[in-house]
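Take a look at the letters that make up each chain.
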Amino acid sequence: MTKREAGSVAIALAVAAGMALIPLTSSAQSDPATTGKFGSVGPGGPGKGGKGGGGSKGKASPSLGPAPRMPDGKASLQGVWSPANFGFTGGPYPLQPWAQEVLNQRRANQSKDDPEGYCLPAGVPRISPFPQKTIQTPEVLVILEEGNIHSYRQVFLDGRPHSKEDQLWMGDSIGKWEGNDVLVVDTTNFNDKTWLGGSAPHTDQLHVVERFSRPDLGHLQVDITLEDPGAFTKPHSFQRIFNLMQNTDLLEYVCNEFNIDKDHLVGR
Amino acid sequence: MRLRLGAVTVAACAFLLTAVLPVMAHHSFQAEYDATKTITVKGTIQKLEWVNPHAYFWVDVKDANGKVTTYAFETLSPNALARQGWNRNSLKKGEEVTVDGYLAKDGKPLADGSTHANSKGVTRADGRKVFQGSSADEAYTGSTK
Chain S
-9 MTKREAGSVA IALAVAAGMA LIPLTSSAQS DPATTGKFGS VGPGGPGKGG
41 KGGGGSKGKA SPSLGPAPRM PDGKASLQGV WSPANFGFTG GPYPLQPWAQ
91 EVLNQRRANQ SKDDPEGYCL PAGVPRISPF PQKTIQTPEV LVILEEGNIH
141 SYRQVFLDGR PHSKEDQLWM GDSIGKWEGN DVLVVDTTNF NDKTWLGGSA
191 PHTDQLHVVE RFSRPDLGHL QVDITLEDPG AFTKPHSFQR IFNLMQNTDL
241 LEYVCNEFNI DKDHLVGR
Chain W
1264 MRLRLGAVTV AACAFLLTAV LPVMAHHSFQ AEYDATKTIT VKGTIQKLEW
1314 VNPHAYFWVD VKDANGKVTT YAFETLSPNA LARQGWNRNS LKKGEEVTVD
1364 GYLAKDGKPL ADGSTHANSK GVTRADGRKV FQGSSADEAY TGSTK
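So the protein sequences, as listed, match chains S and W. Counting from -9, one number per residue, gives the positions in the first sequence under the working numbering. Counting from 1264, one number per residue, gives the positions in the second sequence under the working numbering.
Worth double-checking, as some hints may not be accurate.
Derived DSBU-like pairs (lysine-lysine); straight-line CA-CA distance at most 35 angstroms [claimed, not checked]:
| # | chain 1 | residue 1 | chain 2 | residue 2 |
| --- | --- | --- | --- | --- |
| 1 | S | Lys166 | S | Lys252 |
| 2 | S | Lys64 | W | Lys1355 |
| 3 | W | Lys1310 | W | Lys1392 |
| 4 | W | Lys1355 | W | Lys1392 |
| 5 | W | Lys1325 | S | Lys252 |
| 6 | S | Lys252 | W | Lys1310 |
| 7 | S | Lys166 | W | Lys1371 |
Partial chain W-side listing against chain S, Cβ under 7 angstroms, derived [unchecked claim]:
| # | residue |
| --- | --- |
| 8 | His1290 |
| 9 | Gln1293 |
| 10 | Asp1297 |
| 11 | Thr1299 |
| 12 | Lys1300 |
| 13 | Thr1301 |
| 14 | Thr1303 |
| 15 | Gly1370 |
| 16 | Asp1400 |
To list a few chain W residues with every Cβ distance to chain S over 12 angstroms, as calculated [stated by the list, open to error]:
| # | residue |
| --- | --- |
| 17 | Gln1309 |
| 18 | Arg1346 |
| 19 | Gly1357 |
| 20 | Lys1368 |
Simulated from the structure, these hints should not be mistaken for lab results. C-beta: ideal position from N, C-alpha, C; glycine also.
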């Protein structure tokens, strides 16, 4: 391969990588009538400032203008967001031997006992491949999940301490702004029933810190640190990126309607 | 070389694009279906159920002796199918289709006696493709990356 040809491949890969960041509404098969049916996010929502448009049929990426701000000057984290690096967990978790053994057993069984397969919550910070919608006020950030059994998270921003409720599937989340650009969300009070992404176990000592920021109009960045003195040997961090989905909204997904899978999960 | 480069580029684009399409199941594909037991069947649509967490469609397949075997194919979830422009009328009762898929690991029929399988995609008689994609296309979250 000549240098020029190698350069062509590099450019092609870069273009392909860029295309991979197109909102997931993009598809050769989507038609305007169907896409339109789902509506736009609405006035004041994330679709307002964009020019790329949802249902872009794989042609246009969203306009990456500056991150919008709320009336109080904080970064707006609002939008319908699709995970850009779904499944990424930042490499192997630093697991204690017992936890590594549990993970090995789960993998040997093809993760057949994952609570998610039984339409139970995936937990935090695990997400589904489907979109999330964030709604923000000065007092609370609400995260609505289309997948993850239509669950929701309430991140309280009003200065309250953590709840006394414990053993929670989704934990208890409180948040605090660092300046106007980064929302630091602290989540504790978990049960030990959910699985981390990648099928690893955790205990009820799991502590999740998520630093939410919006580097530009089209992207939401979440820098995640997990601590679990019961299962980890040290903290573990990774970054998750979401793409803004414009001119669309969450769709219905009622996991328990016809979940016959649970009767056929045989594993290995 | 130019042709080969084109193929590399197309393959790279295809890989990167499929890597982000929302086709995941809520369960481990490998726990339920056998990726090595691929099938291709030709038959007629008996019915389509637009249900969560996965839509299902049933295909009647007739062998040379006229004996009918019914396959029940799991496909993507209705929300994932809808975002790609398909709906509950995308397959009609009685229409001829060819389906590529995978057989279930347990080999057990569903409650109605149909053969349980997972669909990779459907091709209509006129060549048009619908319901493309399977939970097998992308690694289940079971893999730590």
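Per-residue hint verdict: W/Gln1293, partner chain S, C-beta under 7 angstroms | holds, 4 angstroms
Chain S versus W/Gln1309 - minimum CB to CB distance exceeding 12 angstroms, so not interface | W/Gln1309 clear of chain S: closest Cβ-Cβ about 16 angstroms, beyond 12 angstroms.
Given W/Asp1400 was flagged as interface, is its beta-carbon under 7 angstroms from a beta-carbon of chain S?
-> violated, 11 angstroms
Supplied contact hint for W/Thr1301, tested at 7 angstroms Cβ to chain S = Violated: closest Cβ of chain S sits about 18 angstroms from W/Thr1301, beyond 7 angstroms.
Does the structure keep W/Lys1355 and W/Lys1392 at a Cα separation of 35 angstroms or less?
-> holds, 14 angstroms
Can W/Thr1299 be said to touch chain S, with a Cβ gap under 7 angstroms?
-> violated, 13 angstroms
Holds or violated: W/Lys1310 with W/Lys1392, Cα cutoff 35 angstroms?
-> The given pair, whose Cα atoms are some 18 angstroms apart, holds under the 35 angstroms limit.
Taking 12 angstroms as the cut and beta carbons as the points, is W/Arg1346 off the interface with chain S?
-> Label violated. Min Cβ-Cβ 6 angstroms, cutoff 12 angstroms.
With 7 angstroms as the cut and Cβ atoms as the points, is W/Thr1303 at the interface with chain S?
-> violated, 21 angstroms
Minimum Cβ-Cβ distance from W/Lys1368 to chain S exceeds 12 angstroms | violated, 5 angstroms
Tell me if W/His1290 is really an interface residue toward chain S, meaning its C-beta lies closer than 7 angstroms to one of theirs.
-> The hint holds - W/His1290 has a Cβ within 7 angstroms of chain S, the shortest such distance being about 3 angstroms.
Have a go at the W/Gly1370 hint: is there a Cβ in chain S nearer than 7 angstroms to its own Cβ?
-> violated, 9 angstroms
This entry does not satisfy hints 1, 2, 7, 10, 11, 12, 13, 14, 15, 16, 18, 20, going by the numbered hints stated previously.
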